[in-house]
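> Sequence:
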Amino acid sequence: MIRFPGGETRIATFFTLANVASLVASRSTTGESLSGSCFWARDMVILKNLRIEPIEAAVVDIARRDEHRWASGCTGADGVGNAQIEVS
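Per our numbering, residue 1 is the first one in the sequence shown, and the count goes up by one each step.
It is possible that some hints are incorrect.
[Unchecked claim] Cross-link-like lysine to any residue pairs, in silico, SDA-like; alpha carbons within 20 Å at most:
| hint | residue 1 | residue 2 |
| --- | --- | --- |
| 1 | Lys-48 | Ala-12 |
| 2 | Lys-48 | Val-24 |
| 3 | Lys-48 | Gly-6 |
| 4 | Lys-48 | Ala-63 |
| 5 | Lys-48 | Ala-58 |
| 6 | Lys-48 | Glu-32 |
| 7 | Lys-48 | Ile-62 |
| 8 | Lys-48 | Ser-33 |
| 9 | Lys-48 | Val-20 |
| 10 | Lys-48 | Thr-9 |
| 11 | Lys-48 | Phe-15 |
| 12 | Lys-48 | Thr-29 |
| 13 | Lys-48 | Ala-25 |
| 14 | Lys-48 | Ala-21 |
| 15 | Lys-48 | Phe-4 |
| 16 | Lys-48 | Thr-13 |
| 17 | Lys-48 | Thr-16 |
| 18 | Lys-48 | Leu-17 |
| 19 | Lys-48 | Pro-5 |
[Said to hold, decoys possible] Between beta-carbon pairs, the in silico distance windows are:
| hint | residue 1 | residue 2 | range |
| --- | --- | --- | --- |
| 20 | Leu-34 | Gly-7 | 35 to 45 Å |
| 21 | Arg-64 | Asp-43 | 13 to 23 Å |
| 22 | Val-24 | Glu-67 | 24 to 34 Å |
| 23 | Lys-48 | Arg-3 | 17 to 27 Å |
| 24 | Glu-56 | Gly-6 | 34 to 44 Å |
| 25 | Glu-32 | Arg-65 | 26 to 36 Å |
| 26 | Ser-28 | Ala-57 | 26 to 36 Å |
| 27 | Gly-6 | Leu-34 | 35 to 45 Å |
Calculated directly from the structure, the hints in this document are not laboratory data. Backbone N, C-alpha and C fix where the C-beta goes; we use that ideal spot for every residue, glycine too.
Given these sequences and hints, build the entire structure.
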């Protein structure tokens, strides 16, 4: 969960291109997602790697450019069990 000044909270799902390729490949054998011919995820953000530092940097950059409303979904939940990033 991403918490902004003023209390607004957002959610996003982070992937690498390798994650997406792996999911597409596995779905080609299971028959899901038109046998792997398509992939989508709600509130998807693709990064080069999924360490916390690049995730935090991406969130801050997206917020500074005021693009967070396009790159993430709204949530009213407390995000129990999810990582939280504070944007100041």
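> Each hint: holds or not?
Now the hints, each set against the structure:
1. Between Lys-48 and Ala-12 the alpha-carbon distance is near 16 Å, which keeps this suggested pair within the 20 Å criterion.
2. Proximity of Lys-48 to Val-24 is assessed by CA-CA distance (about 18 Å); at most 20 Å being required, the pair is judged to hold.
3. With a C-alpha separation of about 30 Å, the suggested pairing of Lys-48 with Gly-6 is violated against the 20 Å cut-off.
4. Under the criterion of a C-alpha separation no larger than 20 Å, the hint pairing Lys-48 with Ala-63 is consistent with the structure, at around 19 Å.
5. For the proposed pair Lys-48 and Ala-58, the alpha carbon gap of about 11 Å is at most 20 Å, so the pair holds.
6. For the given pair, Lys-48 sits about 25 Å from Glu-32 by alpha-carbon distance, which is inconsistent with the 20 Å threshold.
7. For the hint linking Lys-48 to Ile-62, the alpha-carbon distance of about 15 Å falls within 20 Å, and the restraint holds.
8. The suggested pairing of Lys-48 with Ser-33 is violated, with an alpha-carbon distance near 24 Å, which exceeds 20 Å.
9. Using a Cα cut-off of 20 Å, the hinted pair Lys-48 and Val-20 holds, with the two alpha carbons roughly 12 Å apart.
10. The suggested pairing of Lys-48 with Thr-9 is violated, with an alpha-carbon distance near 24 Å, which exceeds 20 Å.
11. Between Lys-48 and Phe-15, the direct Cα distance comes to roughly 8 Å. Compliance with the 20 Å bound is thereby established for this hinted pair.
12. The hinted pair formed by Lys-48 and Thr-29 fails the criterion: a straight-line CA distance of about 26 Å is larger than 20 Å.
13. Between Lys-48 and Ala-25 the alpha-carbon distance is near 19 Å, which keeps this suggested pair within the 20 Å criterion.
14. With a CA separation close to 13 Å, the supplied pair Lys-48 and Ala-21 stays within the 20 Å bound.
15. Using a Cα cut-off of 20 Å, the hinted pair Lys-48 and Phe-4 is violated, with the two alpha carbons roughly 24 Å apart.
16. Only pairs whose Cα atoms come within 20 Å are accepted, and Lys-48 paired with Thr-13 is accepted, the gap being roughly 14 Å.
17. Of the pairs offered as hints, the one joining Lys-48 and Thr-16 holds, with about 6 Å between alpha carbons and a cut-off of 20 Å not exceeded.
18. With a C-alpha separation of about 7 Å, the suggested pairing of Lys-48 with Leu-17 holds against the 20 Å cut-off.
19. The straight-line distance between the Cα atoms of Lys-48 and Pro-5 is roughly 27 Å, outside the 20 Å bound, and the hint therefore fails.
20. At about 40 Å, the CB distance of Leu-34 to Gly-7 agrees with the hint of 35 to 45 Å.
21. About 18 Å separates the C-beta atoms of Arg-64 and Asp-43, a value consistent with the hinted range of 13 to 23 Å.
22. Val-24 and Glu-67 have their C-beta atoms about 26 Å apart, which keeps the hinted 24 to 34 Å range intact.
23. Taking 17 to 27 Å as the suggested C-beta distance range, the pair Lys-48 and Arg-3 conforms, at roughly 24 Å.
24. For Glu-56 and Gly-6, the Cβ-Cβ distance of about 19 Å falls outside the hinted range of 34 to 44 Å, so the restraint is violated.
25. Checked against the hint of 26 to 36 Å, the pair Glu-32 and Arg-65 passes, with Cβ atoms roughly 34 Å apart.
26. For Ser-28 paired with Ala-57, a C-beta distance near 33 Å keeps the hint of 26 to 36 Å intact.
27. At about 41 Å, the CB distance of Gly-6 to Leu-34 agrees with the hint of 35 to 45 Å.
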